[in-house]
Each structure stands twice: as C-alpha cells, then as structure tokens.
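J.: Two independent chains are provided; combine them into the complex using the hints.
Here the protein sequences line up with chains H and L, keeping their order. Using this note's numbering, you'd call the opening residue of the first sequence number 57 and step up by one each time. Using this note's numbering, you'd call the opening residue of the second sequence number 3 and step up by one each time.
Keep in mind that a hint or two might mislead.
In silico negatives: residues of chain L with every beta carbon more than 10 Å from chain H [what the hints assert, rightly or not]:
(1) SER82
(2) GLY163
(3) GLY252
(4) VAL298
Pair ranges (Cβ atoms, derived) [to be verified]:
(5) L:ILE185 x H:PHE112: 50 to 60 Å
(6) L:PRO63 x H:VAL168: 48 to 58 Å
(7) H:VAL221 x L:ASN280: 36 to 46 Å
(8) L:SER130 x H:THR144: 47 to 57 Å
(9) H:LEU303 x L:VAL140: 27 to 37 Å
(10) H:SER85 x L:ARG236: 48 to 58 Å
(11) L:ALA52 x H:VAL221: 43 to 53 Å
(12) L:ILE240 x H:LEU303: 18 to 28 Å
(13) L:PHE19 x H:GLU131: 46 to 56 Å
(14) H:LEU303 x L:TYR310: 23 to 33 Å
(15) H:GLU376 x L:ILE178: 52 to 62 Å
The hints are simulated quantities; they were obtained by calculation from the structure and are not laboratory data. By construction, the Cβ of each residue, glycine as well, lies at the ideal position given by its N, Cα and C atoms.
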Amino acid sequence: MTQQATDFTLDTAAELAELETGAAIQGRSPWYLAWRRLRRNFVALAALVLFVLIVFACAMAPWYADHVAGTGPNETHLTDRIKSGGKTVDVISPGGTEADPDHPGQLRIKPVEVLGPQLWHAGGKYVLGADPTGRDIAVRVLYGGRNSLKIGLGSALICTFLATVLALLAGYYGGWSDWLITRIFDLIAALPVILLGIALGAALSINGFHHFGINLESGSLWIPTLVISVILVAYIGRPLRGQILSLREKEFIEASVSQGAGPFRVMFSELLPNIASSILVFFTLIIANNILVEAALSFLGAGVQPPNPSWGTLISEGQERIRTAPWLTIVPGTAIVLTVVALNIFGDGLRDALDPRAKVKIG
Amino acid sequence: MAAFIVRRAIGAVIVLFFVSVITFLIFIVVPGGDPAERMAGKNATDENIANIRKTWGFDQPVYMQYAKMMQKVFTGDLISYSTQQNVTQEIKRGLPATFSLAIGAAIIWLSFGVLVGVISAVTAGRWSDRTITILALVGISMPVFWLGILARYYLGPEKLGLFPDGQYVPLTQNPIEWFYHLILPWFVLAVLFIGFYGRVLRSNILDSINEDYVRTARAKGLSPRAVLRRHVLRNSLIPIVTLFALDFAGVLGGGAILTETVFDLNGVGQFAARSVRNLDLPPIMAVTLLGAFFIVTFNALVDFFYAYLDPRIRPS
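Excised from the complex, chain L in its bound form (with noise of 0.2 Å):
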C-alpha cells in the first residue's frame, strides 16, 4: 500500500509539470509575436519595448522564462504583466470566496443529488419518477452562467427581492450575511450535478436492485427499508463518491469560474477570467497550476480510497 502510495505521488507531481510545461507554451508559443510588444501597448518607442523585454526576461531563451517563472511561483514572487500585482496575494485574497462556494454547492449537490436518485428510483415508473426525470434533464441542459444571469435579476432585489444583488461577504465580517449572500449561487452552481447525480445514482440503484445479495437480504426477511438502505444504497452510493471527489476538484480548480463572475464574487476563478481577457500569464499560470493540483490530488485520493475499499485493484 505505501508502495502504491509514493508511486502515485510521483504521477501525479509529473502530471503538474506537464500541466506547467502546457499552460506555460499555450501563452508563449501559441498567440505568436512579442508580449513586450503587447504589453506596451500601441503608442511605445522602441525603448519602451526593449525595456519591458530586459525587465520581464522575455529577451531569455524559452526554457529560462519557464524556469524563472516556476521558481517564482514556488517562492510567492509572482507578479502580474497588466496590473503588476502579486499573484499569490491575489489568489490567497480570493480563496475564501472560492472554497465558500465549492464547499456550500458541494454539500447541497450531494444530498439534493442522493435523495433526487433515490425517490426517483423508489418510484420508477411513476409520475414522481417522470417529473424528476424531466427536471433533472432541464438541470443538466442549462448553461449555468444564464440561470446564474436570471436568478440574480430576478430573484434579486430589483425584482422580487428575495435575495441580495450577488458579492461576497467574508464569513469573518458577518456570517448571516455571507449565507444569505451565498445562497442563489450555491443553489445556481448545485442545479447542473444535482440532476447528474440523480440519474446516476438512480441507474446505479435500478441496476443493483437485481443482484443476488439483495434478493438474499430480502429473503432472509429484512423490511424494504434496510434493504435498500444497508444494502442498496451501500453499493450504489461508491460510484457516486468518485464522481462527487472529481467534480469538487473540478469546482474548486476553475469550475466556479462561471458562477463567480456572474455573482461578482471576487473568487480565484473570477481573478482567472479578468486575467485571461488581458492576456495575463502570470495568474493564468498560477491559477491552472492551483487548478490541476486540486485535481490531480483528488484523482490520487479516489485511487487511495477505492484500494482500501477493494484489495483486489491494490498492485502487489
């Protein structure tokens, strides 16, 4: 097991340098021409250019820029090409904001997701079945930034008022105010996995409804009740927890993105979206790094876990 550990430990380290090495060429390589001349902008004397060119390395071979720019994402002395601010401050001023939302929209999606599947399972067939079916479908078709768009207008305060007009609250300043300001994006971000993990765990459960363990559990004369609750849904809820580990990765590493910039939450993935516009290397790099790390690390716990679960899959 420790084996298997450390081993998936250097994966997953070598998979971040790639990830590295990939965000670094799609913003050096891929857009073509001089960013010092970009970043000058229009109206610069050649000195201006020359200068900005010394002053940010980009006169260094390609591997020197990557190398420079990797140190100084470990060392926090990242600063940003278009507004000059350090990026780790930025990002660490943001991360509030964006685990609120990950961790608030996870915890809803996961029991909304559970219970929707299991009363939709319960009653296959029926018309509570049919009408979570269709919801769950709308659910999943809807581009979250449009719901997010008409949730904050409309329920917002300039028309029902029911809630406020987006913004984040620090929980420190005020913890009623954060919920109340948190709660349409939770829900707008939760709307899309909630209806995914309906069906999921719905098709899970009609499927596991047929195996021999639960026949026998009903033989030996257990109520419908504990079947389905030590026994079906046992099984049919591990699935669930890969794909539940993976999605908070993916909500947490850039997911929210659309979300937090809808509701004006100032989070990391807003922080993103701002730099991507201006062409920003230095965040977008900082940002996908923090993005794939939560993914990668996830990735390697949902292994961990299923080889406890499972000693088969454990490599001797």
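So here's chain H without its partners, still in its complex pose (with noise of 0.2 Å):
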C-alpha cells in the first residue's frame, strides 16, 4: 500500500460541505444548502432527469399505443404482417410442418416465430418486440410501467406516512405508546418479508378485502400496493423513531413546551420539520425498494393479477418464452433495472446534499 492510499478522500458531497463555512452559509436555509449541493452533484440529476423521462413515458402510454405503435397493450395479432424494413412478415409465423432438407421426402415441424425487437424499422410497430399472441412489448412494458410505479411510488407514500405517525406517536409520547408501536414494528420485522407479502397477496386475490367498511376487488392495484407498505414499514418507522426520541431530549422541545406547545404542535410543527429531511431520503430510496418487491411479488403470482401488465408479470410471462423470444424477459428487467438504478443513485445524491454526514440506510 502506498503513502497516498492512506490519505483517505471523502465524498463530495462531504467535500462540499467542508469548504461551506461563514459568509457561503450565513442567512441561508438548510433547504438551499442543500440544493446548492445537489445542483452540483451532475451524477444525482442526471439520475433524477433518467427517472422522470421514464415517469413520463409510462404516463404517456395511451398516446403511444394510439399514434404510435397502433394498438392497445392486450390486442392480440396472431395473424397479422407487418411491412418492416421493405419486406413483409408475419407477426407470428404460422408453424406447421415443411419438407425436411435432412430426410428427403418426411416432413418436420416448423416452429412458431415470435416477431423480435422491429426497433425503427417498422414505422413504431413493434419496436421491442411481440409477444406469442402477437401483443406489442413496447406497448405493454409502457402500460407496465404504469402499474409497477403507481404501486412503487403509493406504497412509498403510504409507507413513508405510516411509519412517520407511528414513529412520531412512540418518539414523543414513549412510555406504553412506545413500547406498543416499537412490539408492532418488532412483530413486522420478524416475519419473512417476501413470505408475509406472497401469503397476503395470495390471500386477498381470493375475494379481495371486505373488512372494517374497505372494500376493495380481487384484481385492485390497492391489494399489493397496501400489502407492500405494510410488510415494510418497520423499515422507516425505527430509525425515525431512534432519531425522535434523541431529538425529544433536546433543549428546543422543552423550550416549545414551556411556551405552552401542546403534544401536537410538537410533534408537527418542531420534531417534524427536523426529520422531514431523513424522511424524504427514505421515501426516495424506499420507490425503489418497492418496485423491487411488486416484481417479486407479481412473478410469483401474488402481486398485479393478469391480464393487467407489471414489470414483474411481464418478465413471469416471458420465462417460459426465454428460449424463443428472450426479449419478453429482457426488456421489463432492463426497465425495472434503469429505475430503480436511477432512484437508488437520486437518492444517494439527496442524502449526501441534505446531510453530509447523515447515515441513512435502507436495508
């Protein structure tokens, strides 16, 4: 090893904040330190740009079925051609049998062929691909996206409020309210995550949920998206809860209650504002996580129902085709790998920005 490896550098964000001192910092809002890091961090936005392109797309499907590809994510083609780069082909090939060039006079049977990725050459049809009922994978990836990020980005939220409440309710209160929801987060963290959500999933895709006045169908997006922010709300809920019961010690809560605040302005108005930072990061980093688990959850069969597409259905459809037409696997993986890249490295670059030396880790 030589000299030099020993002269450890810091990240830059850390960097950054190192060199902020006096006049750079004086009047200024911790929000807009913390922006002026992140503007510098190229990495984090060029991530933030990737992720809310993809956001965008998703939401943009309908028009992309419409003008573009000129057909809806569960349209069957099984006997349609296609003009691609000046020749015509089937979308899917009639199988059958033909004359075998080994044997002269048997015959032997042809294979079914699945159209592959068109890319550009098809005038947008089929751009990624078909799928062997002659449905369009681009189509069905963008319509996919749909669900696996409303499921991601409302479980993210549900969780992330959830976890707030409960964290808040034990930090301030402590005593039987403490020991109470810190046993609940205990009880949830000691079941197997992707057991617990398989089990709930399968469960409520029976009749659905009828129960306490909620009503909600079999196939409902609400079904995996609720299960997913249940099975992970442990996850959030104790280290908030870590940090409010150190920052319920410090001198500004008993200066607050001393003025008369009561529980609700203390919690809400002076221990909120000093985790909405941690909160935000986590809520960042947990989309991705969540997008993670839908996957999981819908390939074994417990998350978003068929005919409804998800990148986790997707990729389930597509194993059993991996050998004829790898692209109905490859292309959802590949979405769900930019997007939760994307958000992972946004959320690193968020946590650096808003706290140089914070610890925040989703594990």
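T.: See below:
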C-alpha cells in the first residue's frame, strides 16, 4: 500500500460541506444549502432526469399505443402481417410442417416464430418485439410501467406516512405507546418479507378485502400497494423513532413545551421539520425498494393479477418463452433496473446533499 | 447476563406466538368465504363440502382451529390441504437444498462484500472505487429472479454450456455435482448482498479513518496495512456482522424463495411458493413459523453478541 492510499478522500458532498463556512452559509436555509450541493452533483441530477423520463414515458403510454404502435396493451395480432424494412413479415409465423432437408421426402415440425424487436424498421410497430399472441411488447412495458410505478410510488407514500406517524407517536409519548409501537415494528420485522407478502397477496387475490368498511376487489392495484406498505413499515419506522427519541431530549423541545405548546404542535411543527430530510431520503430509496418487491410478488403470482400487466408479471410471462423470445424477459427487466438504479443514485445524492454526515440506510 | 438471555428468549417466544396468530388470521379471516367450498372444487355436492368441513375442523370456532393447528405443528402431524402430504416431511425434504443454498451464498457474499468494501474504501475517489460503486449499485438494483432467469438460460446448457440447468443434487449423492449445480444460484443470490455490504463497509471504513485511535495508531509508527487491518477494519466490521446475521436468517427464512423457484432447487422456499398458489394454509403456517424462528433467533444472537462485546448495553 502506498502512502497516498492512507490519505482517504471523502465523498464530494462532504467535501463541499467542509468548504461552506462563514459567509457562504450565513442566513441560508438548510434546504437552499442542500439544493446548492445537489445542483453540483451531476450524476444525481442525471439520475433524476432519467427517472422523470421513465415516469413521463409510462404516463404517455396511451398516446404511444394510439399514435405510434397502433395497438392496445391487450390486443392480440395472431394473423397480422406488417411491413418492416421494405419486407412483409408475419407477427406470428404460422407453424405447421415443412419439408425436412436432412431426410428427403419426410416432413418436420416448423416451430412458431414470434416477431423480434423491429426498432425503427417497422415505423413504430413492434419496436421491442411481439409476444406469442402478437401483443406489442413496447406498449405492454409502458402500460406495465404505469402499474409498477403506481404501486411503487403509492406504497412508498403510504409506508412513509404510516412510519412517520407511528414514529412520532412512539418517540413523543414514550411509555406504553412507545412500547406498543416498538413491539408492532418488531413483530412485522420478524415476519419473512417475501413470504408475508405472497401470503397476504395470495389470500387477498381470492375475494378481495371486505372488512372494516373497506371494499377492495380482487384485481385491484390497491392490494399489492397496501401489502407492500405494511410489510416494509418497520424498516422506516424504526430508524425514525430512534431519531425522534434523541431529538425529544433537546432543549428546543423543552423550550417549546415551556411556552405552552401541546403534543400536536410539538410533534408536527417542532419534531417533524427536524426529521423531514431523513423522511425525504427514505421516501426516495423506498420507492426503488418497493418497485423491486412489487416485481417479486407479481413474479410469484401474488401481486398484480393478469391480464393487468406490470414489470413483474411481464417477466414471469417471458420466463417460459426465453428460448424462442428472450426479449420478453430482457425488456421489462431492463426497465426495472434502469428505474431502480436512477432512484438509488438520486436518493444517495439527495442524502449527501441534505446532510453530508448523516447515515440513512435502507436494508 | 443470564437474566438478559432469559428475558430475551421469552420475548422471542412471544413474538413467535403472535407471528403464528397473524399468519393464521391472514388465511382464515382475510380471504372470506368458506375454505371447505374452495377445497371441494367447483362441482362439489353439499354433502362433500359438509364432509370436508367436518374432517378438517372448519366447523369449529376459530380459536379451536388455531389450537388444533398449532398442536399439529409441534407434533409433526400437519397435513397439507391440497396434496394431503405431511408438511413436516416435505419441509425436511426441502431443508438440505435451502441450507446448501443459504450457507454457500452467505460465504460468497460475506467474503466478496468485505473484499469489495475494502478495495473501494482504500482507493476512494479513484477509478477502481468508481467502477465498484457503479457495479454495486447495479447489483442492488437488479431483481434477483430476473438475474437468475437470464443466468440460467445464457450460462446454462442451451447457450454457453458453462453450468447445468438448475436442479438440486444432494451432497451425499455426489459432492461434485452438488457444487457444480449450486454455483450459479449461489452467485445470483449473493450479488445483491455483495453490492450492499460493499457500500456499507466502504462508508464505515471512511468514517473510522478519521477517528482519534486511528491517528494514534499511525502516529506510533504502524504501517498503513497494519492500521487498516488491526484498527480500522476491526471496528468497521461490527455492523457488518449484525447485517450478516440478520440477512442470513432472512435468507434461511424464506428470502431465497425467488432463487429457489427460478433454479428449481425444490427447497423450503419453493415449497412455500407452491403452497401459496394453492392457498394451502398448513405449509405456509409451518414455513412462516420456521422463517420467523430463524429471524428471531438470529436477532437474539446479535443482541447477545453486542452485550458480550460492549458491557454498557448489558442491562444491570
């Protein structure tokens, strides 16, 4: 090891924070300072742009289906022929038999061939290929992305909200409410995540949920959304509770209480702003995590129910066809990886910018 | 210390009790409708349904059904609703595959994770660190089942032919084939953890580099390598040990469900996945309890480990 290797350099955001002294930070809000650090982190900004583009593309799925591909996500085209690069080709080649060149006079089975990715050659049709019933994969991936993103964002919102409220109640009141909420977190964390997810998802997919005045039909997207929110609530709730417990002992809380602030005021206008940056970082990173969990649940048949597409169900459909049509598996998986990488990079950048010395981790 | 261990153990048992109640309620209360009707199928007569209800005890109150089921869990007489097989036997059959997968993958992810973290930290800011950071990021962002499907097909017999096509070969039957068949599943399962551990260790090392005791060690003339190994790494590895214990328990307790399914290893996780599809309560109950048992036990072990290392957190 050389001498140089012992002079460890820290991350860029932390270095920037070191340089921020005196006049540079005087009178600036922490959010402004964070934005200034984030602005210089081009990798994180590029990741944010990529994520926004993916969301935009999925939001535009109906437009793409109507004006570019000319087919809906569930329309089959078993007998269609399209023009691609000047040639006319079958979307699904008719199978049947053909003369066997190795054994003259005999017939052999001609395998059914599915149209592969055409990119720009077919004028926007089958850009990413077809599936065995002639559905356009590009259209299906965009529509599937709508469901995956809805579930990822929705469950991240609900999960973060639940965790914040529970952590505030536990951390502020302490005593038996802290004891109860901590035990609930322990209990949820003791259940194997994927196992609990598929158990709940499968149980709810039979008749939906009809208790406590809540009515959800069995195919509803709310089911995977709520399942994921509940099974991951402890992962955010526990660290937030820890932060609130230590903030609770600080002087500014005592000052606020001595001025006559009630519990509600202390929780929401004193404690909440102090954990807001952690919440924001958790929220960003948990979207990425939830998209992966949704894909896993849907892959195992306990998430989004067919014929509704999602990135997970698309991979599960593609798995059986990987020999003849590998793009069915590769395309939706790539969509997941791009989205999750973008969110992870942006989440890391956000954490560095908001608090260069903080250690907020999701595991 | 003894009182601490006893209290922690009682807590673990209570958690396991609630886990079993929750699992039971998920399957009995949440779906609604009559489980006997579902089991009897579409063309069942009323008599059929009544018979099933009686044999399986669905006509009894919920708490009695729960007590009966838990009794069977402990005596090993649990019978599957859909296949009529003994659940304990099925789980025993799946355990060697699940353990082989989890232990092998754990060895790989721990050693590679530490290696990646150390390389990344000592070269922080340089190209090797940047490359590792990007690879680690992609690793933790990939759905494990997707990676598994692609690896099984493209590295398997049909394309490159480097590895066999999934399946589990018992260790006692043929150790070489056992190893050969498991290499791909091990690495596929380990990728996520390697990326994650590498990142955690990197930031831990970079944090402790600035501690006073590191400066002291360097000031007294220790070589950088010795400082890293004896002072920095020793402290930075403690959180990794915690993570490792919990992740290993998670993988044993159902976390390998996706890898097992993709590679057809016929382990406990795949058994659970199959049972969930048939809404077969008894196997799910048993597997969830087993998984929770691993998680709760390893959690307690981590607490003991900490209490052993750090006298301050030992309750008086």
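J.: Return the numbers of the hints above that this structure violates; sort them in rising order.
T.: Numbers 3, 4, 5, 10 and 15 - these are the hints that the structure violates, sorted from lowest upward.
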